[in-house]
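Produce the complete structure using the sequences and hints provided.
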Amino acid sequence: FRRSYADWADELDASYCFAEGHCTFTMASESPTLLDMEQMCDHRFGGRKGWTKNFVSNLKRLMDMPGVFSSLVSTRDGFRTQRMTRVLSKMACAQGIFHCDVQYCKQTYCRS
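For the sequence shown, the numbering used here begins at 42 and goes up steadily by one.
Computed spacing ranges between beta-carbons, pair by pair: (1) M104 <-> D51: 20 to 28 Å; (2) G91 <-> T116: 25 to 33 Å; (3) I138 <-> D118: 22 to 30 Å; (4) K101 <-> E71: 30 to 38 Å; (5) K94 <-> D51: 30 to 38 Å; (6) T149 <-> M106: 29 to 37 Å; (7) S98 <-> T122: 13 to 21 Å; (8) Q123 <-> K94: 14 to 22 Å.
If you're looking for bench data, these hints aren't it; they were derived computationally from the structure.
This one's a predicted model, so the numbers in the text were calculated from it and none came from an experiment.
Beta carbons are placed, not taken as given, at the ideal position from N, Cα and C, and that holds for glycine.
Encoded structure:
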């Protein structure tokens with residue numbers, strides 16, 4: 042039985058959503074603005090510096106350690122730890138799409 046990339050993507054997306062608490066994140070409204078997103082990120086990461094500094098170097102360091110990286114991510118189970126998902130949330134904040142991630146999770150994976 043071969044799994045497709047779409048199956049792996051679902052595992053990764055769903056595990057990201059649940060690990061980061063997007064399903065229960067109450068600050069996200071149905072139609073948040075960019076300002077709302079910045080406030081969500083500031084709240085989640087303890088201020089602006091928490092999501093605008095050093096996250097790319099942290100991700101690179103994790104990915105440069107093949108043994109460590111493979112223990113953190115699985116095509117069968119998705120992300121196994123917040124060490125990875127936290128960096129992805131910070132990247133979403135820096136890219137201005139964190140609120141989109143939260144809404145995507147709520148609409149796709151968080152429904153009963």
